[in-house]
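Model the full structure from these sequences, guided by the hints.
Chains as they are written, first to last, in the numbering used here: chain R, 241 to 476; chain X, 19 to 375; chain H, 6 to 294.
Please keep in mind that the hints were generated in silico from the structure rather than gathered at the bench.
Note that this is a predicted model, so its numbers are computed, not measured.
One thing to keep in mind: the hints can contain errors.
Stated by the list, open to error - Mimicking DSSO-like on lysine-lysine, the simulated pairs with C-alpha atoms at most 27 angstroms apart in a straight line are:
id, chain 1, residue 1, chain 2, residue 2
1, R, Lys312, H, Lys90
2, H, Lys165, R, Lys345
3, R, Lys345, R, Lys367
4, R, Lys312, R, Lys345
5, R, Lys467, R, Lys434
6, R, Lys367, H, Lys90
7, R, Lys345, H, Lys90
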Amino acid sequence: MIRVEGLSVNYGAVRALRDVSFDAPSGQITAVLGANGAGKTTLLRTISGLVSPQSGAIFLDDFSLLGVATEKIARRGVGHVPEGRGVIQELTVEQNLRLGALASKVNLAEGLEQQYARFPILGDRRKRYCSTLSGGERQMLAMARALIANPEVLLLDEPSLGLAPQVTSQLMRTIRQLCDSQNLTVILVEQNAKSALRIAHQALVLHLGSVAAIGDAASVAADEDLKRYYLGVVVT
Amino acid sequence: MDWLRSLTRQETTHSRFVGMLFLTVLTLVITIFLPPVADSELAGGAAIAIVVLGLSWLTGWSGQISLGNSGFMAVGAYAAGIWAHHHASTPLVFTLFLALVVGGISGLIIAVPSTRLRGPYLAGMTLAFSAAVTPIAQNFTSMTGGEGGLFFNSLATPKWFLHFFSGPYAAINASAQWSADLAVVVAGVMFFFMANLFHSRTGRAMRLVRDNDVAAELMGVNLARARTSAFVVSAAFAGLGGALYSLLQASVRPETFPIGLSITLLTLMVLGGIGTLSGAVIGGIIYAFSENLVAHVNSLTGVNPVSNVGANMQGMIFSVLLILTMLFAPRGIVSLKYPLQRLFRARPLSRGAKEVH
Amino acid sequence: MHNIFAGLSQGIIYSLVALSLVIIWQSTHVLNFAQGAMAMIATYIGMTEIDRGVGYWWCVIISVMVGMALGGVTERVLIRPLYGKPEINPIVVMVGFLGFLEALAAAIWTSTTRNIAEPFSQIYFKSNGHLVFLSSFVIFQIVLAIVIMLSVAALFRFTKLGLQLRASALAPEVSRLLGVRVSRMLTIGWILSAGVGAIAAVIIASGNFGLFPTNMDGIFVASFIAAAVGGLESPLGAVAGGLIIGLGEQFILAYWSPDVAPLGGIIILVIALMIRPQGLFTKTTIRRV
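Written out as structure tokens, the structure is:
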């Protein structure tokens with residue numbers, strides 16, 4: 241599981257995160273909601289070590305992630321699918337997957353088979369260059385690439401971005417299945433709050449870098465007041 | 019005192035003119051008090067300063083790097099030299115103007131294929147140009163006088179000037195003084211033009227291109243044209259500077275403009291501060307007295323100036339300076355004053371006050 | 006006819022150096038202007054061991070090792086501090102480094118040309134009584150260059166290291182998120198590239214050209230143009246570019262005039278630009294606004 245305590249992150253004079261604390265338990269999906277600029281992506285990037293916090297602590301089980309290099313954090317089992325997916329266009333599907341497997345002790349052949357079984361479309365396209373993939377296919381690849389390393393934790397940054405509603409539903413269902421079957425710790429950052437709340441166990445709402453609310457997904461979804469933080473509208 | 023302040027800010031052509039005039043006259047006065055050797059070095063430095071100025075325009079204001087300026091210097095120098103060789107009585111102004119134009123044209127020729135090239139590609143292209151210049155000069159013997167080069171004498175001291183000098187070394191002193199004065203005046207004129215260019219619409223467009231070319235394009239700046247014109251200007255300045263340089267030496271030879279000179283120019287520009295007028299002046303001054311500098315270093319370290327190490331000391335010092343400057347003070351010596359200021363700044367008056375830089 | 010061999014043998018040297026430039030460009034987006042000079046220094050250090058009685062082949066190995074070490078150190082000390090700064094900064098630093106290395110070499114070893122005892126005969130073969138620009142040495146040159154290039158290609162294509170190197174160059178942040186030690190890859194890229202460059206310099210020094218501080222200047226320029234013509238993004242293009250330049254030079258020499266030869270590289274570059282006016286980038290780059 242992931243534990244965040246009192247995390248504060250500044251970009252120069254701008255406070256991106258203020259005193260954020262929460263626990264993301266194993267086997268559960270923690271949705272992170274909020275408007276643009278609320279600090280959601282910063283949170284994930286800080287957990288992955290791409291950004292250094294001003295203060296606070298981050299723990300992966302008992303292990304402190306502060307000051308640890310990003311690649312080391314990844315090797316410890318923290319998979320991160322960044323904003324925009326980060327699929328490397330100049331490489332093929334299979335090469336992207338191979339890359340994902342590199343950092344772990346996973347058997348490459350087995351890992352590939354597993355992911356192709358889970359995402360058959362990728363199997364069909366394995367030799368294709370990623371620039372030829374559709375948005376949905378790229379999302380699948382990005383997830384498969386993160387999963388092939390058998391991570392303990394999965395950080396997902398706006399996976400539904402740019403995807404058609406049907407594809408989004410399918411994607412969300414897949415995430416929930418994976419979480420359940422592999423006992424993953426999933427932290428899901430999403431603009432599409434409705435879809436996220438449907439599959440999440442707990443939800444964290446960020447507003448201007450601070451925690452506006454935290455609770456189980458059902459309660460957060462039902463709370464009309466909270467909607468203004470992540471929908472940007474005051475619901476009357 | 020407002021008028022004085024507006025002078026230094028140089029916002030109008032009038033103020034720029036006055037400013038340049040003042041500085042030029044000041045420098046001229048200084049040359050009177052310098053020994054002839056220093057005068058000659060200063061003259062060379064002035065010529066180099068013109069070239070650095072052009073390079074600064076290109077690099078600082080349009081963000082491109084060019085290693086071609088030793089090549090353009092050669093083009094200008096040879097143009098002037100070949101002309102002066104055959105038409106010794108042409109007024110200096112014409113010869114220099116010719117060099118400027120020829121330099122500009124050659125810049126245009128190189129620029130046209132280069133405009134679409136970015137960073138490293140452009141640098142490499144210009145390097146290729148400079149590298150080719152020396153062998154070409156050596157090959158086309160009939161025009162360029164080949165290895166031996168050309169000789170001419172356009173900077174003969176006029177008689178009326180000689181009257182100011184007396185004594186056994188009158189002629190030499192007069193000649194050195196005259197060369198220095200000429201060089202300084204030419205430099206003053208060129209700096210004046212550059213200052214105007216900087217503050218003009220072209221200059222502003224140039225800076226926009228440097229900082230954000232996408233935005234510039236959206237605002238209607240023709241990128242290719244802006245880059246080409248920057249290149250042409252810098253080549254023209256280099257041509258004139260090269261011609262002046264050669265005229266001061268009364269000769270031009272293929273070895274006068276090796277690639278190493280392009281590197282030196284780059285170093286001088288970086289040391290002085292990219293994209294500033296004062297930076298070019300500093301660069302010229304450093305060049306003028308670099309020989310003395312190197313001799314000092316040699317004597318300090320006990321190196322024999324004629325040995326291998328000694329002969330290459332200048333090259334080594336300059337290149338190390340370039341590397342260090344680029345790593346630690348890429349905005350030139352002038353920018354070093356900021357961290358220094360911070361060291362000596364008084365403690366804030368109240369505790370908890372945040373220093374904003 | 007004999008010109009073709011001269012063109013190919015020279016061209017393949019350009020290909021080697023061009024390849025080393027492409028490796029560095031792909032991994033760190035720096036054009037290493039000091040590439041030739043670094044290789045030259047490595048050659049000096051290695052080859053002067055011959056004076057002490059060390060065998061030729063050991064000297065080659067020493068040169069390559071020194072070259073690789075120099076490449077790694079350069080990346081750490083000179084290039085690393087400049088990540089994130091404007092693109093021209095490392096270019097300028099490398100230009101300074103170039104000047105420094107050449108001055109240093111002249112200071113230590115003087116500017117006189119040294120001729121290394123050649124491992125293979127440089128005497129040209131004769132065919133039907135005509136001189137063919139082919140000698141044992143030239144054959145060695147071509148074979149070695151091809152072997153090196155194929156090895157590098159295999160490294161990038163088939164090995165885990167190669168995949169990591171490519172990924173680090175293409176998408177450094179994403180690669181880090183996948184556990185790739187990107188900064189180590191960048192250093193390895195420089196080490197690899199310097200090794201390739203050193204081999205090219207060793208060949209040059211052992212040939213007719215000889216060893217002197219500025220011997221790699223012309224070659225660097227031609228190789229850079231080769232890489233530019235072939236596309237800095239494409240190793241294969243760099244290799245092809247090298248051969249094109251080599252052959253092109255011979256062409257100009259034979260059919261035009263030797264006087265114009267120094268401009269040969271530029272002429273070819275300009276022609277290439279006219280054929281592909283979009284500016285020599287082999288793939289369209291997406292500008293992120």
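Hint check results:
1. Distance hint between Lys312 of chain R and Lys90 of chain H is fulfilled; the C-alpha atoms sit about 26 angstroms from each other, no more than 27 angstroms.
2. Using a Cα cut-off of 27 angstroms, the hinted pair Lys165 of chain H and Lys345 of chain R holds, with the two alpha carbons roughly 13 angstroms apart.
3. With a C-alpha separation of about 23 angstroms, the suggested pairing of Lys345 of chain R with Lys367 of chain R holds against the 27 angstroms cut-off.
4. Between the alpha carbons of Lys312 of chain R and Lys345 of chain R the distance comes to roughly 14 angstroms, so the proposed pair stays at or under 27 angstroms and holds.
5. At roughly 10 angstroms between alpha-carbon atoms, Lys467 of chain R and Lys434 of chain R fall within 27 angstroms of each other, so this suggested pair holds.
6. Between the alpha carbons of Lys367 of chain R and Lys90 of chain H the distance comes to roughly 37 angstroms, so the proposed pair goes past 27 angstroms and is violated.
7. Of the pairs offered as hints, the one joining Lys345 of chain R and Lys90 of chain H is violated, with about 36 angstroms between alpha carbons and a cut-off of 27 angstroms exceeded.
Violation of the numbered hints given earlier is confined to hints 6, 7; the remaining hints are satisfied by the structure.
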